[in-house]
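Here are the chains, one letter per residue:
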Amino acid sequence: MKRLSRFVYLSLIAFTLTLGTPQESAAQAPNDQAAQFIGALAQNALGALQQPNMTLEQRETVVREMLRNGFDVPFIGRFVLGKHWATVTNEQRDEYQRLFGEFVVKTYAARLGGYSGDKFAVTSVRDAGDKDVLVHTQIVRPSGPPLECDWRVRVIDGQPRIIDVMVEGISMVVTQRSEFASLVQRNGIEGLLASLRAKTGRIGATTSS
Amino acid sequence: MTIRRYFLLTLAVLSGAAFALATGPARADFASGWNAYQKGDFATALAEWTTRADQGDPKSQFNLGVLYDEGKGVAQDRRKAFALWEKAANQGYAPAQHNLGNLLLAGEGTSQDVVRAVSWLEKSAAQGFDRSQYTLGKLYAEGVGVAKDPAKAFALIKAAGDRGDARAQYNIGKMYRDGVGVEKDATESLKWFERAALSGHSGAQARLAMRYSRGEGTARDPTRALAWLNIAAAAGNGDAVTAGKKLSSNLTPEQVEAANKLAAQIKAEIKK
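Line by line, the protein sequences give chains X and Y.
Numbering (the working numbering) for the first sequence: 19 to 227.
Numbering (the working numbering) for the second sequence: 10 to 281.
Honestly, I wouldn't trust all of these hints.
Listed below are the simulated DSS-like cross-link pairs for lysine-lysine, each with C-alpha atoms no more than 25 Å apart in a straight line [to be verified]:
(1) Y:Lys132 - X:Lys217
(2) Y:Lys89 - X:Lys124
(3) Y:Lys200 - Y:Lys270
(4) Y:Lys96 - X:Lys217
(5) X:Lys124 - Y:Lys48
(6) Y:Lys89 - X:Lys217
Covered stretches of chain Y (in silico footprint by chain X; criterion: 3 or more residues with CB under 8 Å from a CB of chain X, positions within the stretch not fixed) [claimed, not checked]:
(7) 42-49
(8) 73-84
(9) 143-156
Bear in mind the hints are in silico, worked out from the structure with no lab data behind them.
In this text the structure is predicted, and so the values were computed from the model without any measurement.
Glycine is no exception: its CB is placed at the ideal position from the N, C-alpha and C atoms.
Taking the hints into account, I'd like the entire structure generated from these sequences.
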């Protein structure tokens, strides 16, 4: 998409998001498709987090599961592990992908909003290279600072998938790739798995005594 | 307004005020913080738990730490979470000891310190906190930051598995299979993979299916194998989708039908 037409596309996106009905008939511009995809994830997060008769922890689990399906976890996980992918056992790979998926959704689920009083908006959409679209979103919350981020979306097998998240311009996959490489260098794949286990292993609010 | 009505109204206002005094901000409590938290009203939860945390209540210190850790109702601040969890941990509160150990292991909110992490995890594990038993068991199994100790690893992971932790149950299955920290035992291995599979672990479900498909540690049972593959595939295990298609093509329509029925029965069992 060229810069000049951005405004037109954004208006369209705002329009379709308001309607809340994705238009599937006509072939969509990739930017529209990506923006609608992220918008729908946020909409679904809102629906799930406002469910009655479930604890907040259960509702958040539903949202994380949805976000996990939105990410192409196998694709990113493999890229982030880099050259070490080839040297680990199948069981280590399985555990790594599971933990990495948990880590990603735990880190970014809040950026879909959906809690009481959250205001979510897709604020801009732009091309990123030949294949990808960056969808910028903002959550304004009743308390705490606003949360902003860019979701890097690529259409894979006809499906839009998130392949990176950028917060303040810093790419998650680039950051994790170098961090994981140094962890593996220091303590082997076991060191990386232990670190991911620790990062995803904390428990949430509880009434247990 | 008659005097009588005026009197009644005054009485109502007064008793209302008395009620507000008894239940209002002066009585900040854990439960009202919890109710607000469940509604997603994090500002109220923050206020309630801050008051109680300052009074030294470990549960409030812990939950307040979670709000800071996750940036709920406040800007994310892991240092603050660390400080709060440390206070609750020092009072012997197991969830706080567990989370503190994990921050120290990951080097989040503090600098990495595996020795201190292990010492906190030992405390919560000794209280029977299964998440800590599992985390600690994996450290001893892999020798990360501690000397490798397969027997100790097995004992810890077994304790967590006995308490129902699905990942621990899956690991017990692997340890019996490989003879790590315990003598090799194909039957026990199968039993623990089955327990993990019934606890909803999709990796264990896929592995169990392979056992039944090949007849390892049990009689060959392609119907049961396909049933478990269907369940693992539904739980999002990509390998199970491929394996399921392959296995189906080698079975009769009756066997496939029987597998679907069995999968439905097992799923009902898993939900319980």
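Status of each hint after checking the structure:
{"no.": "1", "hint": "Y:Lys132 - X:Lys217", "verdict": "holds, 19 Å"}
{"no.": "2", "hint": "Y:Lys89 - X:Lys124", "verdict": "holds, 19 Å"}
{"no.": "3", "hint": "Y:Lys200 - Y:Lys270", "verdict": "holds, 22 Å"}
{"no.": "4", "hint": "Y:Lys96 - X:Lys217", "verdict": "holds, 21 Å"}
{"no.": "5", "hint": "X:Lys124 - Y:Lys48", "verdict": "holds, 20 Å"}
{"no.": "6", "hint": "Y:Lys89 - X:Lys217", "verdict": "holds, 17 Å"}
{"no.": "7", "hint": "42-49", "verdict": "holds (count 5)"}
{"no.": "8", "hint": "73-84", "verdict": "holds (count 9)"}
{"no.": "9", "hint": "143-156", "verdict": "holds (count 7)"}
Every hint, counting from the list given before, is met by this structure.
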